[in-house]
Amino acid sequence: MQGINYLIAAYAIVWAGLFAYLAFIMLRIRSARTELVAVEELVREQQEKAGHDDYRKNE
Amino acid sequence: MALVNQETPVERARGRRSARAAGRPLGLSVTSLILLVLSFVSMMVSIYMIFIYAPTDATQGNPQRIFYFHMPSAVIGLCAFGIIALGGIMYLWKKDERWDWVARAAAEVGVVFLTFTLLTGSIWGRTIWGTWWAWDARLTTTLILWFIYIGYIMLRGYMGHTFASARAGAVLAIIGVIDVPIVYESVNWWRTLHPQAVLPLGGSPQMPPQMLLTLAVSSVAFILLFSFLMVQVYHLQKIQTLAQRLRASLE
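Residue numbers (our numbering), protein chains in the order written: chain A, 1 to 59; chain B, 1 to 251.
Since the hints were derived computationally from the structure, they do not count as laboratory data.
From the three backbone atoms N, C-alpha and C, an ideal C-beta is built for every residue, glycine too.
There could be a bad hint or two in this list.
Straight-line Cα separation of at most 20 angstroms, SDA-like style, residue types lysine to any residue; simulated pairs [claimed, not checked]:
1) Lys-238/B - Ala-12/A
2) Lys-94/B - Val-171/B
3) Lys-49/A - Ala-248/B
4) Lys-238/B - Ile-29/A
5) Lys-238/B - Ile-128/B
6) Lys-95/B - Gln-244/B
7) Lys-94/B - Arg-30/A
8) Lys-238/B - Phe-24/A
9) Lys-238/B - Val-43/A
10) Lys-238/B - Ile-25/A
11) Lys-49/A - Lys-238/B
12) Lys-95/B - Thr-241/B
13) Lys-94/B - Thr-34/A
14) Lys-238/B - Leu-22/A
Here are some, though not all, of the chain B residues that point toward chain A, as calculated from beta-carbon distances under 7 angstroms [stated by the list, open to error]:
15) Met-49
16) Tyr-53
17) Pro-63
18) Gln-240
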């Protein structure tokens with residue numbers, strides 16, 4: 001019976017660890033994607049602003 | 001008042017991202033989805049085989065079943081460090097950062113599997129040897145490899161996504177991979193508590209066919225799971241590098 005407890009403990013640790021790691025990766029990917037799109041947006045806004053300023057200078 | 005209704009770039013990004021991801025389950029690519037389904041199915045089959053199909057070991061009893069998770073995770077933990085070293089060598093040779101992303105992904109996923117190896121091995125050792133840990137050659141060399149993994153991950157985390165970080169990581173991986181054959185051969189070179197390899201290179205397997213088949217299915221399940229996790233972390237490395245570059249261009 002003691003052996004069964006150790007067996008269950010070993011498998012529980014591996015499964016809990018795997019699910020926790022999977023959730024951790026998914027959260028990091030989600031946060032990195034959000035950050036990337038936000039930074040892309042900022043770059044686009046900066047480029048548009050720079051383009052608009054150039055146009056006004058030429059006018 | 002107008003400011004209240006104004007969306008920040010982060011909010012706009014969240015909206016667009018959720019719209020794109022809505023088309024795919026969990027927002028995963030087709031390759032990732034296939035790997036996820038395959039690893040889930042093979043893992044379920046392997047669990048059935050481990051607990052129902054495989055015979056109970058005559059001397060060790062039920063705790064021997066820990067072996068079907070312990071050995072595949074150990075093999076993956078060792079092979080993953082080989083992938084890190086290969087990624088490092090290819091990066092130094094080709095100067096292609098995709099090899100560096102492969103190395104970083106293998107390090108992150110490999111250390112998880114090696115941690116499982118140490119934990120399951122410790123539990124198994126408690127039932128068979130009566131102790132959680134012994135400073136024998138196989139266990140000690142594996143622990144050293146685990147510390148090398150941690151050192152690699154800490155170095156890369158500290159230096160960020162830079163070319164200097166990739167070079168330093170490659171050098172550390174090439175030196176660290178020396179420990180992999182030492183771990184494998186430790187049971188042959190020194191007298192250890194740890195049993196000899198059940199699948200010796202070039203030799204015949206030291207176990208009954210049902211156990212061997214269960215081990216094979218479990219190994220396939222672990223390889224598929226490792227591949228799925230590698231693809232996810234590789235993708236993460238790519239996004240983080242691109243975001244860091246764009247942020248740097250803004251400053």
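Verification of the supplied hints:
For a cut-off of 20 angstroms, the pair hint linking Lys-238/B to Ala-12/A is broken: about 32 angstroms separates their Cα positions. Of the supplied pair hints, the one linking Lys-94/B and Val-171/B holds, its CA atoms being roughly 15 angstroms apart against a limit of 20 angstroms. In summary, the hint linking Lys-49/A to Ala-248/B is supported, as the alpha carbons are separated by about 18 angstroms, within the 20 angstroms threshold. With a C-alpha separation of about 10 angstroms, the suggested pair Lys-238/B and Ile-29/A falls inside the 20 angstroms cut-off, and the hint holds.
For the proposed pair Lys-238/B and Ile-128/B, the alpha carbon gap of about 44 angstroms is over 20 angstroms, so the pair is violated. For the hint linking Lys-95/B to Gln-244/B, the alpha-carbon distance of about 19 angstroms falls within 20 angstroms, and the restraint holds. A threshold of 20 angstroms between alpha carbons decides the hint, and for Lys-94/B with Arg-30/A the separation of about 30 angstroms lies outside it, so the pair is violated. Restraint check for Lys-238/B and Phe-24/A: the C-alpha separation of about 17 angstroms stays at or below 20 angstroms, so the hint holds.
Between Lys-238/B and Val-43/A, the direct Cα distance comes to roughly 18 angstroms. Compliance with the 20 angstroms bound is thereby established for this hinted pair. Between Lys-238/B and Ile-25/A the alpha-carbon distance is near 14 angstroms, which keeps this suggested pair within the 20 angstroms criterion. With a C-alpha separation of about 28 angstroms, the suggested pair Lys-49/A and Lys-238/B falls outside the 20 angstroms cut-off, and the hint is violated. Only pairs whose Cα atoms come within 20 angstroms are accepted, and Lys-95/B paired with Thr-241/B is accepted, the gap being roughly 15 angstroms.
Only pairs whose Cα atoms come within 20 angstroms are accepted, and Lys-94/B paired with Thr-34/A is rejected, the gap being roughly 31 angstroms. Distance hint between Lys-238/B and Leu-22/A is fulfilled; the C-alpha atoms sit about 18 angstroms from each other, no more than 20 angstroms. Interface hint at Met-49/B: violated, since its Cβ lies 13 angstroms from the closest Cβ of chain A, which is beyond the 7 angstroms cut-off. Because the closest C-beta pair between Tyr-53/B and chain A is about 16 angstroms apart, greater than 7 angstroms, the hint is violated.
Given the 7 angstroms rule on beta carbons, the hint for Pro-63/B holds: about 4 angstroms separates it from the nearest Cβ of chain A. Checking Gln-240/B against chain A by beta carbon gives a least distance of about 5 angstroms; that is within 7 angstroms, so the hint holds.
When the structure is compared with the earlier hints, violations turn up for hints 1, 5, 7, 11, 13, 15 and 16 and for no others.
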